[in-house]
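Peer 1: Sequence:
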Amino acid sequence: MYDSLFQISSVTAVFGFLVAVIFLALIYFLFRRKGIVSLDPFENLYRRIHEDIKFAVAPKSIQLSVSANELIELATEIWRIEQRLAKVADALPENHKKGLENSVNKLKRYIANYDVEIVDYTNQKFNDGLNLDVLSVEKDPSITVPTVKETVEPTILVKGQVVKKAKIILINN
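Okay, so the sequence shown: first residue is 1 according to full-length UniProt numbering, each after it adds one.
One thing to keep in mind: the hints can contain errors.
[What the hints assert, rightly or not] Straight-line alpha carbon distances no greater than 30 Å define the calculated BS3-like cross-link-like pairs of lysine-lysine that follow:
1) 98 / 54
2) 87 / 98
3) 165 / 149
For the record, the hints were derived by calculation from the structure and aren't laboratory data.
Required output: the full structure, derived from the provided sequences and hints.
Peer 2: Here's what the structure looks like:
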């Protein structure tokens with residue numbers, strides 16, 4: 001009888017010991033994954049160096065807030081309104097035309113307060129150094145120098161830096 005109780009208590013003790021070891025291993029790995037427990041100083045050094053390298057190699061570009069992106073879209077829409085107004089200006093009565101032009105100019109002054117600038121390249125000489133997306137090239141033998149036939153979307157500058165490239169149609173010989 002004592003042998004069977006001894007065997008049961010031995011099995012229970014071994015089972016309890018295994019459960020405790022598994023529990024401790026689980027806690028160790030959970031905390032280690034979160035970075036709370038780190039027994040190896042080289043591992044800590046490796047992690048810090050890894051983060052420093054990741055920071056040094058990360059691209060240094062302008063991070064814009066949502067409101068800045070909305071200002072850029074607003075600038076593009078102001079340009080579109082201005083283009084559409086120019087197309088229908090002859091059909092409008094003079095007082096309506098002046099009112100719309102004043103509204104567009106007010107909007108342009110508003111975005112200028114935030115150092116946002118709109119650049120339209122229509123009818124300008126094309127230069128390979130310009131930061132433009134050429135959507136298509138049309139051939140015209142009478143043209144001597146490549147020229148921007150049409151600006152589909154303008155370049156938007158914020159504090160002198162391009163944040164949105166113009167999309168153009170180029171005419172060339």
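Peer 1: All hints are to be evaluated individually against the structure, with a verdict given for each.
Peer 2: A quick look at each hint next to the structure:
no., hint, verdict
1, 98 / 54, "violated (55 Å)"
2, 87 / 98, "holds (14 Å)"
3, 165 / 149, "holds (16 Å)"
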